[in-house]
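Peer 1: Given chain A, work out where chain B should sit, using these hints.
These protein sequence lines are chains A and B, in that order. Going by this note's numbering, the first residue of the first sequence is number 20, and it counts up by one from there. Going by this note's numbering, the first residue of the second sequence is number 576, and it counts up by one from there.
No wet-lab data here; the hints were simulated from the structure. Be aware that a few hints might be false.
[Stated by the list, open to error] Short, incomplete list of chain B residues facing chain A, as computed with Cβ under 7 angstroms: (1) V599; (2) L600; (3) V670.
For every residue, glycine included, the Cβ atom is placed at its ideal position computed from N, Cα and C.
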Amino acid sequence: MDPVAVTSLRWIPLLPLLGALVNGLAGKAIQRRVGEGAVAAIAVAPVAAAFAVSLAVFARLLALDPSRRVLLDVVWRWLDVGALRVDVALLADPLSTTLLLVVTGIGGLIHVYATAYMRGDDAYWRFFAYLNLFTFAMLVLVLADNLLLMFVGWEGVGFCSWALIGFWWREPVNTTAGNKAFIVNRVGDAGFVLGVFALFWALDAAGHGTVAFREIQRHAASLDGAVLWGVPVATLVTLLLFVGATGKSAQFPLHVWLPDAMQGPTPVSALIHAATMVTAGVYMIARLHFLYAMAPATLAVVAGIGAATALGAATIALVQDDIKRVLAYSTVSQLGYMFLALGVGAWTAGVFHLVTHAFFKACLFLGAGSVIHALHHEQDMRGMGDLHAKLPVTFWTFLMAALALGGTPLTAGFFSKDEILWHAWSSPYGGTLLWGVGVAGAALTACYVCRQVLLVFFGESRADPHHGEPVRESPAAMTGPLVILAAGALLVGFLGVPDGLGGANPFAAWLDAVFASEHIDAAHAAEAAHDVRLEWALMAVSVAMATGGAGVAYLIYQARALSADAVAGIAGGAPYRLLVHKYWLDEVYWATIGRGVRWLARAGAWFDARVLDGVVDGSALVMRAIARLESRFDARVVDGFVNALADATWALGGRLRRLQTGNVNAYLYVVVGAVALVLIARIF
Amino acid sequence: MPGVPLQHVLLVGLVLFALGLYTVLTRRNAIGILMGIELLLNAANVNYVAFARYSGAPTDGQIFAIFVVMLAAAEAAVGLAIVLGIYRNFESIDVDATHALRH
Numbered sequence: 020m021d022p023v024a025v026t027s028l029r030w031i032p033l034l035p036l037l038g039a040l041v042n043g044l045a046g047k048a049i050q051r052r053v054g055e056g057a058v059a060a061i062a063v064a065p066v067a068a069a070f071a072v073s074l075a076v077f078a079r080l081l082a083l084d085p086s087r088r089v090l091l092d093v094v095w096r097w098l099d100v101g102a103l104r105v106d107v108a109l110l111a112d113p114l115s116t117t118l119l120l121v122v123t124g125i126g127g128l129i130h131v132y133a134t135a136y137m138r139g140d141d142a143y144w145r146f147f148a149y150l151n152l153f154t155f156a157m158l159v160l161v162l163a164d165n166l167l168l169m170f171v172g173w174e175g176v177g178f179c180s181w182a183l184i185g186f187w188w189r190e191p192v193n194t195t196a197g198n199k200a201f202i203v204n205r206v207g208d209a210g211f212v213l214g215v216f217a218l219f220w221a222l223d224a225a226g227h228g229t230v231a232f233r234e235i236q237r238h239a240a241s242l243d244g245a246v247l248w249g250v251p252v253a254t255l256v257t258l259l260l261f262v263g264a265t266g267k268s269a270q271f272p273l274h275v276w277l278p279d280a281m282q283g284p285t286p287v288s289a290l291i292h293a294a295t296m297v298t299a300g301v302y303m304i305a306r307l308h309f310l311y312a313m314a315p316a317t318l319a320v321v322a323g324i325g326a327a328t329a330l331g332a333a334t335i336a337l338v339q340d341d342i343k344r345v346l347a348y349s350t351v352s353q354l355g356y357m358f359l360a361l362g363v364g365a366w367t368a369g370v371f372h373l374v375t376h377a378f379f380k381a382c383l384f385l386g387a388g389s390v391i392h393a394l395h396h397e398q399d400m401r402g403m404g405d406l407h408a409k410l411p412v413t414f415w416t417f418l419m420a421a422l423a424l425g426g427t428p429l430t431a432g433f434f435s436k437d438e439i440l441w442h443a444w445s446s447p448y449g450g451t452l453l454w455g456v457g458v459a460g461a462a463l464t465a466c467y468v469c470r471q472v473l474l475v476f477f478g479e480s481r482a483d484p485h486h487g488e489p490v491r492e493s494p495a496a497m498t499g500p501l502v503i504l505a506a507g508a509l510l511v512g513f514l515g516v517p518d519g520l521g522g523a524n525p526f527a528a529w530l531d532a533v534f535a536s537e538h539i540d541a542a543h544a545a546e547a548a549h550d551v552r553l554e555w556a557l558m559a560v561s562v563a564m565a566t567g568g569a570g571v572a573y574l575i576y577q578a579r580a581l582s583a584d585a586v587a588g589i590a591g592g593a594p595y596r597l598l599v600h601k602y603w604l605d606e607v608y609w610a611t612i613g614r615g616v617r618w619l620a621r622a623g624a625w626f627d628a629r630v631l632d633g634v635v636d637g638s639a640l641v642m643r644a645i646a647r648l649e650s651r652f653d654a655r656v657v658d659g660f661v662n663a664l665a666d667a668t669w670a671l672g673g674r675l676r677r678l679q680t681g682n683v684n685a686y687l688y689v690v691v692g693a694v695a696l697v698l699i700a701r702i703f
Numbered sequence: 576m577p578g579v580p581l582q583h584v585l586l587v588g589l590v591l592f593a594l595g596l597y598t599v600l601t602r603r604n605a606i607g608i609l610m611g612i613e614l615l616l617n618a619a620n621v622n623y624v625a626f627a628r629y630s631g632a633p634t635d636g637q638i639f640a641i642f643v644v645m646l647a648a649a650e651a652a653v654g655l656a657i658v659l660g661i662y663r664n665f666e667s668i669d670v671d672a673t674h675a676l677r678h
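Pulled out of the complex, with its shape left as it was, chain A reads as follows (with noise of 0.2 angstroms):
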């Protein structure tokens, strides 16, 4: 079935690429002659429009039938390199149009949430070049019909992000956050190009050499049984990809740089670091199921790591000050779930969290950015408080989207959250340890955003008092967004309410076409064999575990039954140490690899100037030497001999020079004597 050829979709992509163009190269006259509100309608219309645009093509999908809902735009032909042809095509699938919604859609609301909060930045026009490069090359990545154009995209994003983290780069602090990013990111960034490098190479070698997706689908079935480097080549290729993904979705051991990322404005971290980047990972292992499907290795890794990536990352989110950095860590532990899914199979179920994750944590990351921007650049916790009267749209967004990451029955967040921990359960990859993990995650989600609500909202107030301006709550370019995200929050979960629940689940019907193919048989088994009580009873066990961790943090935080620092000061503390320096992993990697590094930097340093200057120098005195002597052997020797022969010449011709009289007569006597002397001879 061939694919309905379309050339609209380049429009998406192209449109943030405009605005990035035109604040990018005239942006800083813009804001200067004709102010911030024209630098902002550039940025916003193209996105807005982007939107639009996916609208369109979402609507021109849903009117095909579900079995040919695929639309592709060759835009031209990239390489041609022996077997390696790659376009420059996109792809909208329900998969891919799912997050192109997204990513307009709420990008769209975060850009309208910016052009508030930057306001009276001094660089309020690259800010916004920046954003929308970033939408560009999201778009580019997401739409990509190949692997090589989603690299590009892929790069593009860790670009934009690299930029963005340290936008306000006269800090520091700010820039080496970025660089942190950049350079994590490099590590998995490698890992993704080699496993592109190892598929191509396989498929070459089976005869399909191509890295386009739809393609590597149709001829996956070739790698079955082949074999590189002693490990087979699905289980490499999806190893080596799943690299890329912990990079740049923040999955341990490379979730190092997301909560440093924080550095960057509100929201960059809520559009980049929460609702689409950090996904981009996701996205990828979704787009490449059948692959991960063939290879189960793989498939108990992705899970492993996600579970293990969503419970430590929780724990370290109980004791963090920063608002933003509790929510990055949030971030990373959700992510953790989507892996979780995907590392069961539960293809559906991963993108349905990363959908719904994307509205509640853009909402709180703006919430709280609308608090810090309330109280003048305050983000640490402990100098907020009582905000719940005096930023009251602020306080019931962020609640609405607290409620929802906590996992409260019928908001977004549990519905997705219980069908990743169902699947977790059921799958032949999932087990009860995966499960267990999961749900004692969930506890600990509940608890840390109880808690973040409390000390931010409630409870007296700890704001400088000496801060004379009085709290406002933001404009409403910021509010108008959080309301938006928040409804989304409270009510997207209702387009994937579980079959268990009586749901018809139009979310799972919706993205059946791209999975359906390929859904793990026993896991299809499983569902059919949906037993509904099982499924109540998990979930009844995840709130119950939900409730407790938020009754946690009511009672320390609120009702003040438990003392704070008594909690922390559990078994000597040690707990408490452990999670605050975040399980020491950033020491972890400095001693080893920062260290090693250095080491091995200076060890070059040495072996460069001792061993290959040594080398070097040694050698230029040796040719010197040999010069010298060189040229003592030309100078007596050769010029010697030359100049002899020379002279001798010389000499000789001198001599010579004397039977040359002129004198005819004299010849003459020699000829006739030399005639008398062979006639003589002759004779005798």
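Peer 2: Coordinates of chain B only, in the frame set by chain A:
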């Protein structure tokens, strides 16, 4: 030609040759040298004719003699032209004066 033996005729040739050689070796006048050369050639001619007379094929030697006479005429013409050139350059036909190429 009875009565005159070959040896006598060859003697005449020898005397002529010796005179010519003496002239060539001692004269410093270029024209004198040319005249000496003329004597040398004609000494050879006498020998040719004599040997022709006393050998079985009289015409061969005579033809050679005629060739030599012709050659001598040509040689004299070229030689006199050279002498004229020397005179124009050196204002002299003394062969000792014409050593401009010595160094």
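Peer 1: Decide, hint by hint, whether the structure agrees.
Peer 2: Each hint, compared with the structure:
Below 7 angstroms, beta-carbon pairs count as interface contacts, and V599 (chain B) has one with chain A at about 6 angstroms; its hint therefore holds. A least Cβ separation of about 5 angstroms between L600 (chain B) and chain A falls short of the 7 angstroms threshold, and the interface hint therefore holds. A cut of 7 angstroms between beta carbons decides the hint on V670 (chain B): the least distance to chain A is about 5 angstroms, and the hint holds.
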